[in-house]
Amino acid sequence: MPSAFSILKKLLKNISGSDSGGEKQAVCRGDAIKKEDSPLLERRLALIRERLGESKDIVIREFSSSNNQVKLAILYVDGLVDRRLINDHIIRPIQSDFIVKNFSHRLTEQNALQFLKKHITSISEVAEAANLTQAIKMMFSGETALLINGEKKILVYSTRSWDRRSVTEPETEPAVRGPREGFTETLRTNTALLRRRIRHENLRMESVRAGRRTGTDVVLAYINDIVNPLTLEEVRKRIAAIDTDSILESGYIEEFIEDVPFCIFPQIEHTERADKAAAAILDGRILILVDNTPHALIVPTSFFQFIQASEDYYERPHIATALRFLRLFVLNIALMLPAVYVAIITFHQEMLPTTLLLSIAAAREGVPFPAVAEALLMEAMFEVLREAGVRLPKTVGQAVSIVGGLVIGDASIRAGLVSPSMVIVVAVTAISTFALPAFNASIALRILRFPLIILAGLMGLYGVIFGLLIILIHLAGLQSFGVPYLSPLAHGSANDMLKTFARPFWWMTRQRADELGLRDKKRQAGNIGMRRTPFAERELTHDNTEENDAGKG
Amino acid sequence: MLEKGRISPRQTGQLLFMTTIATVIFFAPSMIAGLAGHDAWLAALAGPMFALITLLLIIWLGRKHPGLTIFQYSEVILGRWLGKTVALLYVWGFLHIGAIAVREFGDFMTTSFMSHTPISLFNFSIILLCAWSVITGLEVIARMNEFIIILLVSFLLLILMFSTPNWELGYLLPFFSRGAMPVLQAALIPAAWHGNIIVLAVILPFITRPARAFFAGTAAVLTSATLLTVGVIGMTAVFGPELSSSFLFPLHLFAQTINIGQIITRFESAVMTIWTAGIFIKTSVFYYCAALGLAQILNLKEVRPVVLPLGILLGTLSISLFEDVTMLVSFLEKTRPLYTLSLYSFGLPLLLFAVTLIREKIFGSRFGEETNEA
Numbered sequence: 001m002p003s004a005f006s007i008l009k010k011l012l013k014n015i016s017g018s019d020s021g022g023e024k025q026a027v028c029r030g031d032a033i034k035k036e037d038s039p040l041l042e043r044r045l046a047l048i049r050e051r052l053g054e055s056k057d058i059v060i061r062e063f064s065s066s067n068n069q070v071k072l073a074i075l076y077v078d079g080l081v082d083r084r085l086i087n088d089h090i091i092r093p094i095q096s097d098f099i100v101k102n103f104s105h106r107l108t109e110q111n112a113l114q115f116l117k118k119h120i121t122s123i124s125e126v127a128e129a130a131n132l133t134q135a136i137k138m139m140f141s142g143e144t145a146l147l148i149n150g151e152k153k154i155l156v157y158s159t160r161s162w163d164r165r166s167v168t169e170p171e172t173e174p175a176v177r178g179p180r181e182g183f184t185e186t187l188r189t190n191t192a193l194l195r196r197r198i199r200h201e202n203l204r205m206e207s208v209r210a211g212r213r214t215g216t217d218v219v220l221a222y223i224n225d226i227v228n229p230l231t232l233e234e235v236r237k238r239i240a241a242i243d244t245d246s247i248l249e250s251g252y253i254e255e256f257i258e259d260v261p262f263c264i265f266p267q268i269e270h271t272e273r274a275d276k277a278a279a280a281i282l283d284g285r286i287l288i289l290v291d292n293t294p295h296a297l298i299v300p301t302s303f304f305q306f307i308q309a310s311e312d313y314y315e316r317p318h319i320a321t322a323l324r325f326l327r328l329f330v331l332n333i334a335l336m337l338p339a340v341y342v343a344i345i346t347f348h349q350e351m352l353p354t355t356l357l358l359s360i361a362a363a364r365e366g367v368p369f370p371a372v373a374e375a376l377l378m379e380a381m382f383e384v385l386r387e388a389g390v391r392l393p394k395t396v397g398q399a400v401s402i403v404g405g406l407v408i409g410d411a412s413i414r415a416g417l418v419s420p421s422m423v424i425v426v427a428v429t430a431i432s433t434f435a436l437p438a439f440n441a442s443i444a445l446r447i448l449r450f451p452l453i454i455l456a457g458l459m460g461l462y463g464v465i466f467g468l469l470i471i472l473i474h475l476a477g478l479q480s481f482g483v484p485y486l487s488p489l490a491h492g493s494a495n496d497m498l499k500t501f502a503r504p505f506w507w508m509t510r511q512r513a514d515e516l517g518l519r520d521k522k523r524q525a526g527n528i529g530m531r532r533t534p535f536a537e538r539e540l541t542h543d544n545t546e547e548n549d550a551g552k553g
Numbered sequence: 554m555l556e557k558g559r560i561s562p563r564q565t566g567q568l569l570f571m572t573t574i575a576t577v578i579f580f581a582p583s584m585i586a587g588l589a590g591h592d593a594w595l596a597a598l599a600g601p602m603f604a605l606i607t608l609l610l611i612i613w614l615g616r617k618h619p620g621l622t623i624f625q626y627s628e629v630i631l632g633r634w635l636g637k638t639v640a641l642l643y644v645w646g647f648l649h650i651g652a653i654a655v656r657e658f659g660d661f662m663t664t665s666f667m668s669h670t671p672i673s674l675f676n677f678s679i680i681l682l683c684a685w686s687v688i689t690g691l692e693v694i695a696r697m698n699e700f701i702i703i704l705l706v707s708f709l710l711l712i713l714m715f716s717t718p719n720w721e722l723g724y725l726l727p728f729f730s731r732g733a734m735p736v737l738q739a740a741l742i743p744a745a746w747h748g749n750i751i752v753l754a755v756i757l758p759f760i761t762r763p764a765r766a767f768f769a770g771t772a773a774v775l776t777s778a779t780l781l782t783v784g785v786i787g788m789t790a791v792f793g794p795e796l797s798s799s800f801l802f803p804l805h806l807f808a809q810t811i812n813i814g815q816i817i818t819r820f821e822s823a824v825m826t827i828w829t830a831g832i833f834i835k836t837s838v839f840y841y842c843a844a845l846g847l848a849q850i851l852n853l854k855e856v857r858p859v860v861l862p863l864g865i866l867l868g869t870l871s872i873s874l875f876e877d878v879t880m881l882v883s884f885l886e887k888t889r890p891l892y893t894l895s896l897y898s899f900g901l902p903l904l905l906f907a908v909t910l911i912r913e914k915i916f917g918s919r920f921g922e923e924t925n926e927a
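Chain order of the listed sequences is A and B.
Read the first sequence against the working numbering and you will find it ends at 553, with the numbers running on by one and no gaps.
Read the second sequence against the working numbering and you will find it ends at 927, with the numbers running on by one and no gaps.
Please note: incorrect hints may appear among the correct ones.
Claimed, not checked - With the Cβ distance kept under 7 Å, some of the chain A side facing chain B (calculated, not the full set):
1. Met351
2. Pro353
3. Leu357
4. Ile465
5. Ala476
6. Gly477
7. Leu486
Unchecked claim - Short derived list, chain B residues pointing at chain A, Cβ under 10 Å:
8. Glu628
9. Thr670
10. Ile827
What the hints assert, rightly or not - Per the computed footprint, the stretches of chain A lying under chain B, defined by three or more beta-carbons under 8 Å from a beta-carbon of chain B, are:
11. 341-350
12. 456-464
Everything labelled a hint here was simulated from the structure, so no lab data went into it.
Don't be surprised by glycine CBs; every beta carbon is placed ideally from N, CA and C.
Whole structure, please, built from the sequences with the hints as guidance.
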């Protein structure tokens with residue numbers, strides 16, 4: 001039976017000859033209605049009803065022009081559009097007496113498309129969709145389709161308006177100084193935030209779609225005359241190669257386009273901060289904005305970007321430089337303090353000053369486990385607490401902190417399960433983990449801590465360095481979009497090195513990073529060096545005195 | 554081309570520096586002190602003379618045969634079979650030096666830190682790491698080295714700095730107490746290490762700006778010699794020549810003497826940690842050279858197939874070459890300077906140089922042009 005039906009369908013198609021593009025794929029159930037995109041309004045509406053099914057949020061409104069010459073239908077998704085805009089600027093002008101009074105002789109079905117577009121409707125952004133499929137696609141991103149009887153093309157008005165979160169301070173990347181604006185879930189808002197920061201003609205926002213079913217908008221933002229064209233081409237290629245049905249967050253894209261899929265370290269930085277994103281673009285990197293998520297991706301990324309915070313660039317450079325070194329230190333602590341502690345306690349006691357060793361030994365006296373087991377136990381405990389803290393509602397959070405901090409910490413020491421020194425080590429490590437600006441990088445460190453502890457328990461400091469060398473080999477081999485992951489340490493120039501580990505004064509920063517191979521490396525005119533100081537102040541005081549003199553005179 | 558990566562002249566210099574300093578600072582001081590006594594630091598200073606000659610030869614040969622490694626141009630110069638023999642000799646040489654480095658490391662670990670652990674654990678575990686880095690390629694080794702070199706050098710300088718309160722500079726006097734001959738003889742010991750510059754003959758074609766290779770090599774030799782000299786001065790000044798020659802690993806004990814305010818004490822475990830990284834780089838470089846050489850001799854498309862067999866060979870050699878640590882030390886002191894200098898660092902390059910000259914001047918062969926495309 002179905003086979004006979006399909007033969008019939010094929011025959012029908014052959015007779016009708018043309019079938020318009022994508023339509024035929026969309027037809028899933030065989031119905032008696034003709035499948036092609038007919039310009040006749042009724043047929044079209046029937047086809048739409050068949051394709052879209054019984055979705056209550058899709059509004060189809062038929063009406064005719066005031067001179068009764070043209071039958072029209074309007075089509076939009078309720079909730080994604082500004083209804084007042086549609087009522088006042090599309091439907092009302094067409095239905096009002098205005099047409100009858102002024103243009104009655106001219107509005108016919110033949111010229112309706114151009115006529116309505118040019119003279120009647122008053123909405124700034126209008127597009128013409130070539131066929132129904134295209135119009136429906138646009139309708140789902142909040143546009144309004146105006147179907148005209150007898151006209152194949154469809155007018156599409158931009159009437160987007162939906163409930164959106166307002167621009168707020170990003171919770172995951174707070175800063176003491178700096179703008180409080182973070183990206184939101186709405187792509188347009190995000191691009192506007194960027195435009196407001198970079199008012200230059202060469203800021204490009206390239207749009208692509210990814211995800212067959214979600215049809216997510218992805219925007220590549222970059223500055224045309226700075227960015228490395230090869231990198232840009234590579235990013236385009238990788239995004240175009242994504243073949244999936246859904247993109248719900250930029251994390252999906254991150255996984256699809258990163259260089260080494262099995263790597264535990266994040267290879268692409270992400271940010272919620274609009275100022276950080278703008279800075280990345282101005283550095284010559286490429287920003288990938290994804291609709292429906294506030295997290296934008298920055299490529300290419302190198303490891304040491306994770307020790308930088310956007311605040312560094314607003315605070316005094318001395319402090320920012322000191323903070324970067326602090327973060328480097330903290331990074332090492334977060335990765336290997338428990339492992340080093342285990343190694344020293346188990347194998348290299350001589351490294352500790354005698355009094356410290358004695359007090360640690362005294363505290364450890366009643367502890368039944370070897371230091372490795374103790375460390376693993378406490379680390380695992382901490383991870384559980386942290387995970388519970390993230391998931392719990394705020395009201396219960398306090399209970400967890402009491403249970404975790406007091407009961408487990410204090411009681412386990414009193415019960416002689418762990419030594420106080422181990423609790424200190426684990427606590428310091430835990431705090432260090434959160435002192436890093438990049439959450440995704442600190443997760444990687446947290447995971448790697450465990451194998452390092454085990455290696456330390458097996459082979460002492462040699463085990464630790466063995467583990468670290470494994471990590472180093474892996475990291476040294478990584479590349480992110482052609483830029484070595486460990487750069488500038490492992491490839492870069494002195495210029496890059498200075499800018500990564502220190503934060504030079506802005507007036508000293510005359511060049512962009514060498515590692516990216518940019519078109520335009522120059523940030524400021526002049527040679528790299530100290531700013532000469534024959535400066536405004538002197539003139540100012542001079543002016544003041546002159547004024548004062550004049551005042552006196 | 555077997556190696557696709559390219560390294561910068563700076564990375565080259567750092568690699569060459571590391572291949573020397575990683576082990577010389579641990580082993581040479583006691584041997585030099587044994588021969589030269591008070592003048593140990595003079596011997597350390599005189600060490601790099603031979604290396605500079607080797608460097609000149611290598612650079613000259615590299616200019617004649619741009620884009621070729623020593624394994625390839627030995628074949629060009631000496632003909633197929635003789636050339637392959639020389640290339641194989643070099644593969645053996647690199648393997649041998651690598652095995653010695655691994656053994657030095659294993660012996661250090663077992664004698665100074667973990668006497669109950671079998672040496673094979675240390676040797677094979679570090680070779681495992683090296684094998685991985687060899688597979689990932691020269692570029693990655695060079696990048697890691699940039700990271701490790703900062704740690705190693707700053708640690709060495711830190712130790713030297715912290716030890717200054719214990720320095721007794723009178724130990725350095727008098728000069729030439731035993732005459733000039735022992736000093737020159739002792740200079741051969743660090744010269745054997747500086748002779749590792751021959752590695753440049755393998756990595757020369759992979760440098761982004763080959764013209765800067767000579768500068769990189771010279772800088773590497775001179776800086777490593779300087780650091781060694783400072784180290785020897787420090788050790789002599791702390792222990793005196795007799796004591797420092799009696800230790801197996803003077804740097805280790807040297808680090809133990811450090812005591813700054815009862816807090817910074819017993820540095821040696823930290824030294825061991827950093828040194829492990831240094832040994833790792835050094836072994837990786839020699840392992841890499843051996844693997845690349847073997848692959849080129851056998852006309853393989855990639856290095857990967859020879860890495861594992863060579864690794865097993867390396868591990869086995871590192872254990873079976875010497876019966877114990879005293880045999881290793883006597884080998885390093887007496888046999889190795891003559892062996893490596895006469896053969897790898899000096900003899901064979903000189904042979905290649907001479908044959909090239911003879912073929913050019915007498916038989917009118919021309920080198921360089923036809924290999925430009927390759």
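*asked:* alanine 476 (chain A) was flagged as interface toward chain B. Is the shortest Cβ-Cβ separation under 7 Å?
replied: 4 Å, holds
*Against chain B, run the beta carbon of isoleucine 465 (chain A) and see if the smallest gap drops under 7 Å.*
It holds, given that the least Cβ distance between isoleucine 465 (chain A) and chain B is near 5 Å, below 7 Å.
*Holds or violated: the stretch 341-350 of chain A covered by chain B, criterion of 3 or more residues with Cβ-Cβ distance under 8 Å?*
holds (count 4)
*glycine 477 (chain A) as an interface hint toward chain B, with CB separation required under 7 Å*: 5 Å, holds
*So, leucine 486 (chain A) near chain B? Judge it on the closest CB pair being under 7 Å.*
6 Å, holds
_For the restraint on methionine 351 (chain A), tell me whether the closest CB of chain B is nearer than 7 Å._
Status holds, d = 5 Å.
*asked:* Interface hint check: isoleucine 827 (chain B), Cβ to nearest Cβ on chain A, cutoff 10 Å. Holds or violated?
replied: Nearest chain A Cβ about 8 Å off; hint holds.
*According to a criterion of three or more residues whose C-beta lies within less than 8 Å of a C-beta of chain B, is the stretch 456-464 of chain A covered?*
Since three or more residues must qualify, the claim that chain B covers the stretch 456-464 of chain A holds, with 5 doing so at under 8 Å.
_Residue hint leucine 357 (chain A), partner chain B, criterion CB-CB below 7 Å_ = 10 Å, violated
*Status of the hint placing glutamate 628 (chain B) at chain A (closest C-beta pair under 10 Å)*: With a minimum Cβ separation of about 31 Å from chain A (threshold 10 Å), the hint on glutamate 628 (chain B) is violated.
*asked:* Using the nearest Cβ pair, does proline 353 (chain A) come within less than 7 Å of chain B?
replied: With Cβ-Cβ at 5 Å, under 7 Å, it holds.
*Can we keep the threonine 670 (chain B) interface hint, with Cβ of chain A closer than 10 Å?*
8 Å, holds
Violated hints for the displayed structure, listed by number in ascending order: 3, 8.
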